[in-house]
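Residue numbers (this note's numbering), protein chains in the order written: chain A, 696 to 1043; chain B, 271 to 612.
In short, the hints are calculated from the structure, not lab data.
Note that the coordinates shown come from a computational prediction; the quantities given were computed from them, not determined experimentally.
Where a beta carbon is used, it is the ideal one built from N, C-alpha and C, also for glycine.
Check the hints yourself; a few may be wrong.
Simulated restraints on C-beta separations [stated by the list, open to error]: (1) Trp954(A) <-> Thr581(B): 54 to 60 angstroms; (2) Gln323(B) <-> Ala716(A): 22 to 28 angstroms; (3) Pro424(B) <-> Arg834(A): 43 to 49 angstroms; (4) Leu578(B) <-> Ala771(A): 43 to 49 angstroms; (5) Ala771(A) <-> Leu551(B): 45 to 51 angstroms.
Far from chain B, some chain A residues (derived; all Cβ distances over 12 angstroms) [what the hints assert, rightly or not]: (6) Gly724; (7) Ala771; (8) Arg775; (9) Ala790; (10) Asp811; (11) Gly825; (12) Asp879; (13) Arg881; (14) Asp919; (15) Leu965; (16) Arg1038.
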Amino acid sequence: MRCAMAVLLVLALAYVAPATARTVTDSAGRSVDIPASVTRVYAAGPPASILLYVLAPERLTGWPRPPRAEERPYIAAPYRDLPETGRLTGRGDTANLEVVLRDRPDLIVDFGSVRDTYVSLADRVQAQTGIPYLLIDGRFEATPAALRLMGEVLGVEPRAEALARYVESLFAELEAGLAEIAVDDRPRVYFARGPDGLETGLKGSINTEIIELAGGRNVADPGDAAIRRGITDVSIEQVIVANPDTIITWDRNFYQSVWSDPLWSQIPALTEGRVWLSPTAPFGWIDRPPSLNRVIGLKWLSGVFFPERFDFDIAAETRHFYKLFYHVDLNDEDLDRLLHWSRGRPAN
Amino acid sequence: MVPRQAGELKPGLALSLLALIVAVMAAAAALVGPYPISGEQIASAVLGRLGGQRDPSLGQVETILFSIRLPRIGAALLVGAALAAAGAVYQGLFRNPLVSPDILGVSTGAGLGAAAGIFLSLPVIAIQGLAFATGLATVGLVYAVATAVRGHEPTLVLVLAGVVLGALAGACISLLKILADPYDQLPAITFWLLGSLASIQPEDVMTAAPAVLLGLVPLVLLRWRMNLMALGDEEAAALGIDPKRLRTLFVAAATLMTASVVAISGVIGWVGLVMPHIARLVVGPNFNRLLPASMLMGAGYLLLVDTLARTMAETETPLGILTAFVGAPVFIWLLATGRRGW
């Protein structure tokens, strides 16, 4: 009798728990129950929106901030018009929970930090809205794992696998190429941010991961013992002392003005003409935000740092990457506009 | 007693009217939001919850109503009332209409705690706890400094100590902002310092409400003595009360109320400074009526502003910005048309 009851109970449980639901373990180690088919996903911040756009744009409910006019040609037609949905990351969220729920997402995804604040935030929002909330590790090295995890969640494993392989083969190619280059032969890179170029990312921050991966040495190195790894303000004197032979930036104003600025003129990067302006559409190539957009930036930067070793045809590579990741066929005009300055400043 | 002028409401009637207005506003606020919910759906969801059974067809509506909208309305009422009450207490205590609940550094102190919590990537509950604790600790420190200094003017020394330590806490916040990660921590700190009820949860309201009520008890019990405090220390002492002890008690109560709401809402300016003034214009300076009037106005005002914050655009607007934009014109108009002195 008891046995029969148990069987009935098991059957009842098996019936109640629909065969459709699944459990996923996210990067923070949280077990999250998600529906079998995930058709609408809310991106909690800009990095997550790019991860989702790359994998399955039709599932995206909107952009944390709508694409700007100059970014629109580089996003596939139906998706550039998705609505603005705000950010849900951190206490500084601009998202309105009712708006999030009105879009009826099956899932909320955040891509980036998996520290305690974000874990508790995810738990809170999940409890409050009843919508499963996944946290995905956003470090650059973890990109292939993030693609595979989200591919499984979204049920687009083949595409995720193809993209993950692309990233892995790039990582492997760079690693193999860089292994033969002595540390002293690597460029000393200063990452200039802001209109005056006096804001930089310290070595080890998520904003500058790309420099080391591409084989550069970040001159803003606070040492191994430093507790802070973020963006910082520096003085021109510190830049001169750091003596960078290469400067990278995404700020157009800085790039235009630095060539004629007497304060910068004696820095080796300027005397050797090695200042590089990164493309920023539809997403930045260096950071801004730190997401999959950095993959093409990594390819470009490695070629900038070591033109002999990594002689990528950046125009062809960009066209391929934008097709594969961003679902757009670039025409020559858009491609030229995008890459205009990325080859460096023409000698005059 | 200032003679009442023609056309003015009796204070009792004014209070009842205010309470009615706030209640109507709260009901109206439950009806509006980006997620369309009809009045019938709200009624059946509320009746269903009271009756202990749920209407399965409501699903999402229940979540919106009970986990998001109603807690937020409750939080707006609670935070607004607490800030306005604290403002009324401080303004009476220091006999100065320019005093806000932050005069002794409670919000700046709480802001420092929250910034530190965000900087250290602590869980949300720890950030709130740290904000509450540093808010109280800052005022405690101000009090300790003022007691140690012992000037001729106890209130002046107290205010000066509050200004100095508040500035110090402000400098520490700036330092943390410089050090914080600009991608996820800096916007969080900035947004926190501007105040928002966007991520309010039912538990937040349940945790803050008892602390606010606890702070309210001495204010209500000793409301008559507050009027004596407004006469100044010597007069109050001559009338047989101990101004020092009473001041400590009032400051502690107002600080507790402010710190507990600031911990869940972030720093919201304006309400504590301006609402007591408007209340004074309506019901006069008698603390017995000023306290409830301030609280009702603060609650109603913050409810109005927060409802705007969550319905105006698809994304949230920080309350610190809206309170000033909505409040400044109203305040100027009241100043221009007001007939009563302070």
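List in ascending order the numbers of the hints, as given earlier, that are violated by the structure. Of the numbered hints given earlier, those the structure breaks are 1, 3, 4, 5, 9, 10, 11, listed in rising order.
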